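**Student:** Residues per chain are reported as follows:
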Amino acid sequence: MRNAARRLTHRFVLIFSLVLLGSLLSVGAASAQFGQPKPVTEEADSLHTLYLLVTVAGFIVFALVTGALLYMVVRYRRRSDELPPQTHGNNLLEVIWTTIPIVIVLFLFVSSFVVLLDVEEDAEPEDLTVNVTGFQFSWEFVYDLADLGRGEGPGGEGTVSVIGTGSEEPLLVIPVNEPVEFKLTSNDVIHSFYVRNFLYKLDVVPGLDNSFKVTAHETGTFEAQCAELCGLDHALMRFQVQVMERPDFDAYIAGLASEQLEQARVP
Amino acid sequence: MATIAVPRTGSAFRPAVLDWLTTVDHKKLGILYLYFTMFFFAVGGILALLVRTQLAVADSTFVSNDAYNQIFTMHASAMLFLFIIPIWAAFGNYIVPLQIGAVDMAFPRINALSFWLLPPAGILMFSGFFFGGSADAGWTAYSPLARNTGTGMDLWIIAVILLGISSTIGAANFLVTMFRMRAPGMTMFRMPVFCWNVLVTSILQLLATPVLAAALCMLYIDRNFGGSFFDPNGGGNVILWQNVFWFYSHPAVYIMILPGMGIVSEILPVFARKPLFGYKAFVFATLGIGGLGFSVWAHHMFTTGAVLKPFFGFMTFMIGVPTGVKIFNWLATLWRGSITFEPPMLFALGFVSMFLIGGINGTYSAAVPVDFAIHDTYFVVAHIHYVLFGGSVFAVFGGLYYWFPKFFGRRLNDKLGVTQFVLMIVGFNLAFFPMHLLGLDGMPRRIATYNEADWEALNMASTIGAFLIGVSMIPFLIAVVAAFMRPKDQPDDPWEGNTLEWATTSPPPVHNFDSLPEIHSERPLFDQRHGIGGHGVHPATGEGRG
Ligand code: HEM
Ligand SMILES: [Cu+2]
Ligand SMILES: [Cu+2]
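Chains W and U, in that order, are what the protein sequence lines are. Take this note's numbering: the final residue in the first sequence is number 268, and no numbers are missing along the way. Take this note's numbering: the final residue in the second sequence is number 527, and no numbers are missing along the way.
Honestly, the hints are just simulated from the structure, not real lab data. Among the hints, a few may not be true.
Stated by the list, open to error - Only part of the chain W face toward chain U is listed, based on derived beta-carbon distances under 8 Å: (1) L209; (2) G232; (3) Y253; (4) A255.
These numbers were taken from a predicted model, which means no experiment stands behind them. The beta-carbon is built from N, C-alpha and C at its ideal position, and this holds for glycine as well.
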């Protein structure tokens, strides 16, 4: 009788672990990044590594605790009317299982701290700066022609800007393999600058000078949108980020510049 | 003592209604709280289904952007302020005085006032729909957005202030009741764990709610009297709102879950026939969560660029420690127990397993750099619901099935309870697990629509799950109606309980107890049943009395 129950329990735990492992593997296989979009900046690489670490720790804790819970439920279901032993507690056990979470969270905290220091480096003065303004309900990206970072660049005076409208999503263009700084401004309400493949967002707050730096290591076009509720058409505050080779970037900016100088001359 | 004869005039109906409107009996007020909060659970649930209908497919036009912002704002506001926070006052009101062997709350009239502040607040909050639209800036009402929206926002502010007053005076009442009204022998460390959780919750409410009231007054002044507390152009500070708001609202997260943990800690021992493992450790863990709860508010603000990230990240991780202790204690309570699976126990076990997931996915936000990606995405929506639905709402139903016989003298049908549980836990996971994946992939929360075809399948799954949750309420409603169609037939102690509420009739008389058993531990009824500690079974409260 007892043995049969034990065998049942063991089989149960085995099946549970197999199902868990199976679902883990299938999730992993479904997306190479375990759910996160592909990281395209150096910063995003470390952010993604930390994410994987937390995920592994989380799955271990989940599997152990849920496994233990299922085990108890199957193993200790009522079989007789006998009163079970009335254990009120155990100091040693209490100390042990206060220590376990302390160790886990300290480990996760230290890892987070290291990654935080790594990704929050300040930009250098010679880095390309893009001035980003969020407004209800789109974005403006402004480049200073005299400060286009490390390339040859079109040179010249003044600024060029890309501005989105309700019907047209703006395109933000940056060069690959170079640090780029984003300076974020808002004059109405709070928005949040969120590029999925950067695995990063930073709020655009009226009255606060927020900025951050990334170095993209992959070319391509990536989806982005406002991540802080900002009113009626918040959902439509989308934009795209295109990472280009430096010469393409320079050509693109030069194109914008001549276009906008043209327009400026017309009236 | 003289008795006063109350002249009976008119039909029997009138006095009954009058009686409910003027009652100061903690049990009746508890029932009123229960009806009120369950009504708003239904309202919030219907709004949630509208949200899920809108998001089922990409580029949906089921509701307008404007309507969407109102709907999700009112969904959260109803669920938090009109359902989950006050429903703990329903259980607290009914159960705390019984569990400590008191005749009533310390201040019965203030208790009535706490309740009667709720209906006007609920009406005000929802009346926005008739004045050009309800509040639509999210339940967090971030400024400057919330400074500039329509009249519904003012009504919302006043409503939340009223609710804050209700919960502040209610908290004071609970504290005085537990400090001053305990029966002889009921020392602090013999108080049932549910009471301890209500106690810590009350401390949090007393300390945190006034801060929210202050913030709301500032917002009201900004909106209506030319103030500029939150306007940088007038010398104000936008982030100030978030600091004061979360200084309340993080502790409020514990206000929303601690009493649920208390309920689960009552149910597990009874259905496993064992004492709660590590009673004192559990109490200290609760106090620890309460204390730490005041030092983590800025973990909601990591992406503002205006907070000390390592400090708040560290404190947030530390909350995992007392929480972990609680989970281990629950497991150890089951260990070598003798477990049965009536509906209260199923919901309690559902709580433990779902809340565990809510704790684990919470660490993703505590790890600050990971939060940069998931903040303000559907990952956070998943987290909120694993804690507040998988946690708190499962505890609510556990508590309802457990105490229904005490409240109404009738038992909810077990089979219907099991059916509800199965539908609910399947629907719940189908509705909310996919949100993790959506959030990781970058779907922001609070968006009225999306255009990513990739997100459609997961969103559709989530919507189906949400409707399954809705369906799971049908067996519950049938069980309630069926119970009320039967006569009161429940004994004092249908579950072999441990605590004093089971030492009186179901439902209890107005004065609660004819006599109390002797109290030698945190389980006076267990002791009595097994003849431990006292002088055998007390004649007046022997079991089986109908
Ligand atoms: C049928 C059950 C429920 C469903 C289907 C549901 C669904 C949702 C969805 C889809 C959102 C995201 C809306 C958005 O960001 O645009 C949401 C937000 C939220 N829900 Fe629920 N929910 C349910 C029950 C609950 C319960 C029981 C609570 C609390 C006790 C709750 C509290 C919240 C909160 C606090 C938010 C955040 C709203 C915000 O971002 O301002 N929900 N819910
Ligand atoms: Cu926005
Ligand atoms: Cu919080």
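**Student:** Now look at each hint and say whether the structure bears it out.
**Tutor:** Against the structure, the hints:
Here the hint on L209 of chain W is kept, as its CB sits about 6 Å from the closest CB of chain U, short of 8 Å. For G232 of chain W, the suggested interface contact is upheld, since its CB lies about 6 Å from the closest CB of chain U, less than 8 Å. Look at Y253 of chain W: its Cβ only gets to about 25 Å from chain U, farther than 8 Å, so that hint breaks. Because the smallest distance between the Cβ of A255 of chain W and any Cβ of chain U comes to about 32 Å, over 8 Å, the interface hint for this residue is violated.
Checked against the numbered hints given earlier, this structure breaks hints 3, 4; the rest are met.
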